[in-house]
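Novice: Here is how the chains run, residue by residue.
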Amino acid sequence: MKRIRVIPVLLIHKSGLVKSEKFKNYRYVGDPVNAVRIFNDKEVDELAILDIDASRTSTKPNLRQIAEIASEAFMPLSYGGGITQIDEVKEILFNGIEKVILNKMALTQPEFISRISERFGTQSVAVSMDVKKNWLGKYRLYSDNGSKIVREDPEELAARFEKMGAGEILLNSIDRDGTYEGYDIEILQRVSNAVTIPVIACGGASGIDDFRMAVTDGHASAVAAGSIFVFQRPHHAVLISYPSPVELKEKLYSQL
Amino acid sequence: MIAILDYGIGNIGSISNMLRKIGVKAAASSDPSVIANADKLILPGVGHFDYCMQQLKNSDFYELLHKKVLEDKIPMLGVCVGCQMLMETSEEGREKGLGWIKGSVVRFKADQMSASLKIPHMDWTEVHPTDSCLLYSGIANPRFYFVHSYHVLCDDPGLVTATAKYGYDFAASVQSGNISGVQFHPEKSHRFGMDLYRNFSKLY
Numbered sequence: 000m001k002r003i004r005v006i007p008v009l010l011i012h013k014s015g016l017v018k019s020e021k022f023k024n025y026r027y028v029g030d031p032v033n034a035v036r037i038f039n040d041k042e043v044d045e046l047a048i049l050d051i052d053a054s055r056t057s058t059k060p061n062l063r064q065i066a067e068i069a070s071e072a073f074m075p076l077s078y079g080g081g082i083t084q085i086d087e088v089k090e091i092l093f094n095g096i097e098k099v100i101l102n103k104m105a106l107t108q109p110e111f112i113s114r115i116s117e118r119f120g121t122q123s124v125a126v127s128m129d130v131k132k133n134w135l136g137k138y139r140l141y142s143d144n145g146s147k148i149v150r151e152d153p154e155e156l157a158a159r160f161e162k163m164g165a166g167e168i169l170l171n172s173i174d175r176d177g178t179y180e181g182y183d184i185e186i187l188q189r190v191s192n193a194v195t196i197p198v199i200a201c202g203g204a205s206g207i208d209d210f211r212m213a214v215t216d217g218h219a220s221a222v223a224a225g226s227i228f229v230f231q232r233p234h235h236a237v238l239i240s241y242p243s244p245v246e247l248k249e250k251l252y253s254q255l
Numbered sequence: 000m001i002a003i004l005d006y007g008i009g010n011i012g013s014i015s016n017m018l019r020k021i022g023v024k025a026a027a028s029s030d031p032s033v034i035a036n037a038d039k040l041i042l043p044g045v046g047h048f049d050y051c052m053q054q055l056k057n058s059d060f061y062e063l064l065h066k067k068v069l070e071d072k073i074p075m076l077g078v079c080v081g082c083q084m085l086m087e088t089s090e091e092g093r094e095k096g097l098g099w100i101k102g103s104v105v106r107f108k109a110d111q112m113s114a115s116l117k118i119p120h121m122d123w124t125e126v127h128p129t130d131s132c133l134l135y136s137g138i139a140n141p142r143f144y145f146v147h148s149y150h151v152l153c154d155d156p157g158l159v160t161a162t163a164k165y166g167y168d169f170a171a172s173v174q175s176g177n178i179s180g181v182q183f184h185p186e187k188s189h190r191f192g193m194d195l196y197r198n199f200s201k202l203y
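Line order of the protein sequences matches chains U and A.
Here the first sequence is numbered in numbering that gives the first Met the number 0, starting from 0 and rising by one per residue.
Here the second sequence is numbered in numbering that gives the first Met the number 0, starting from 0 and rising by one per residue.
The following block holds chain A by itself, in its conformation from the complex:
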């Protein structure tokens, strides 16, 4: 069972809807006893980095999340701000991130982009995965829906599993061992997202 971590932040409904559609067993929950039984985790996140971090820290499962991910090493997938929270810091706020992946979250650099490109980046954009990343297995010409003003910057570029271009190339997804994150919204990306969640449920 996949637990979708409910800590009072947005896109939980969309993720549950899509997992139900593709027949993957999942439960959106904030209950530690439910989360303890999960064999995979999805960490959603939308909105402000600090607000998400504060809400997550105040949740009843914050300790358990660390244990499940760092000790039990079960697969987890961060989505959007859920991906950004994997990093150490963010330019958006003052809160420290989870720090499970070395690096930071930075704002799109407007001075390196054409003025016609507005921030937030709110578009369907093609992503270019590395051959080894299983999340994109069997997905031809993957494209996903992005909504973000910030993106992750990994200290180790080898952890970037896909890039996308908006003004310049940025990390669209990252993975370090059992910990993965995607900057885009698979739950809002039609069959591309269904395939990605299916891969996460089967291949991880």
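Same shape as in the complex, but just chain U:
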């Protein structure tokens, strides 16, 4: 049976855990270390932790918080936000994080991807791409947490990131973020088909059916989500949840 990774994405903003909608309207969800502990107890496949302030405000990664998170998490972890130095990458990886996630640095200094992959392996560096469809129906990439537009074509960029040594692409849809409208299958398929490395779908998931479609229609290798793992609908109460192994098996793996 083929399994695919189902990855909660946790956003850190002003040291707290938040969830956004279309990269805006942050809502406080709780303490990150505590949330990671709960996800650990639920035996999640993997966790991605993104500090959404660090790059924009040019702050360094909070290594102490990262180490604290990793010491209680016995699943694969990735971290992104504010990483600009190879020594920071080393520190993060040695503290028990498997992968660093680059966003702005991948665009401004793509050779940084190569430096990381040559030293620590391609599996240790992922690139996060934030995309948005414009009014002409054209997909555009954004940096700086969705605030700056990037000229190059997302598919070409993804292929370049792979060539530079990225082991994985985290593809975020800004339009779908926090909306429960489902993944943007079109761009997912385009980017997945443009690279041979795994692409992780992110943005818009409302449930397991969306996970399945991301793989069968969007050709994603793994799926990520935020809102559905931290909120309970219809009233959006904060509640950390994760599908059970039986649910995943019946509704996801067996349908692929």
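These aren't lab readings, by the way, just hints derived from the structure by calculation.
Be careful, since some hints might not be right.
As the list claims (entries may be wrong) - DSS-like cross-link-like pairs, simulated, lysine-lysine; straight-line CA separation at most 30 Å:
1. U:K89 <-> A:K20
2. A:K24 <-> U:K89
3. A:K201 <-> A:K20
4. U:K248 <-> A:K164
5. U:K41 <-> A:K66
What the hints assert, rightly or not - Some residues of chain U that are not near chain A, with every Cβ distance over 12 Å (derived):
6. S19
7. F22
8. R189
Said to hold, decoys possible - Covered stretches of chain A (in silico footprint by chain U; criterion: 3 or more residues with CB under 8 Å from a CB of chain U, positions within the stretch not fixed):
9. 1-12
10. 170-177
Don't be surprised by glycine CBs; every beta carbon is placed ideally from N, CA and C.
Chain U is fixed; fit chain A onto it per the hints.
Specialist: Here is chain A on its own, set in the frame of chain U:
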């Protein structure tokens, strides 16, 4: 005491964290005097095969490692690239491996796999152990987290202690006497990994 061999390569923190969690006495160290006192060894490894081999060869404990494993025959467990380094050669690089297990490390053969399976293999995957391998004692439906583009190929298939499937069946773990290796990351595999490390600490 288990010594986690520190030669400047990645996943040492994760392994220490998990051993601490399950209450197994361990020390991550590059100090020969510490390693000399260990009764078991864990050889971690992530990243490029050649870089790992070069770092290991340049470590202060390289000779001691040979003595502890080959003469004293204390149990040792290689993890991920630490498992691959047990072999003689790797398609990933030019460096010779430790050569303690006859065979090589080969890249996943994309032509024998469906195009939808990407390389690296980065997934939770079920492993199928042989009945005799003690590492998996008492673990029901074991599954582990894998991240790799290469896997080991033993000359003697009898040394393979578990297989997993990604496109085709490959060796997920190997053992030859006191020398064992696992391709996956037990330290990132929740209770499955805790049980495996517990078994290594108690049954080996």
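Novice: Hints first: check each against the structure and report whether it holds.
Specialist: Okay, the hints, checked on the actual structure:
For a cut-off of 30 Å, the pair hint linking K89 (chain U) to K20 (chain A) stands: about 23 Å separates their Cα positions. A distance of roughly 25 Å separates the Cα atoms of K24 (chain A) and K89 (chain U); the hinted pair therefore holds under the 30 Å criterion. For a cut-off of 30 Å, the pair hint linking K201 (chain A) to K20 (chain A) stands: about 15 Å separates their Cα positions. Between K248 (chain U) and K164 (chain A) the CA atoms are separated by roughly 17 Å; this keeps the pair inside 30 Å, and the hint holds.
Between K41 (chain U) and K66 (chain A) the alpha-carbon distance is near 42 Å, which puts this suggested pair outside the 30 Å criterion. The beta carbon of S19 (chain U) sits about 26 Å from the closest Cβ of chain A, which is more than 12 Å, so the claim that it is off the interface holds. At the 12 Å boundary, the C-beta of F22 (chain U) stays outside the reach of chain A, the nearest C-beta of that chain being 26 Å off. With 12 Å as the threshold on Cβ separation, the claim that R189 (chain U) sits away from chain A holds: the shortest Cβ distance comes to roughly 16 Å.
A stretch counts as covered by a chain when three or more of its residues have a beta carbon under 8 Å from one of that chain; for the segment 1-12 of chain A and chain U the count is 4, and the coverage holds. Given a C-beta distance limit of less than 8 Å, the hint that chain U covers the segment 170-177 of chain A is violated, as 0 residues qualify and 3 are needed.
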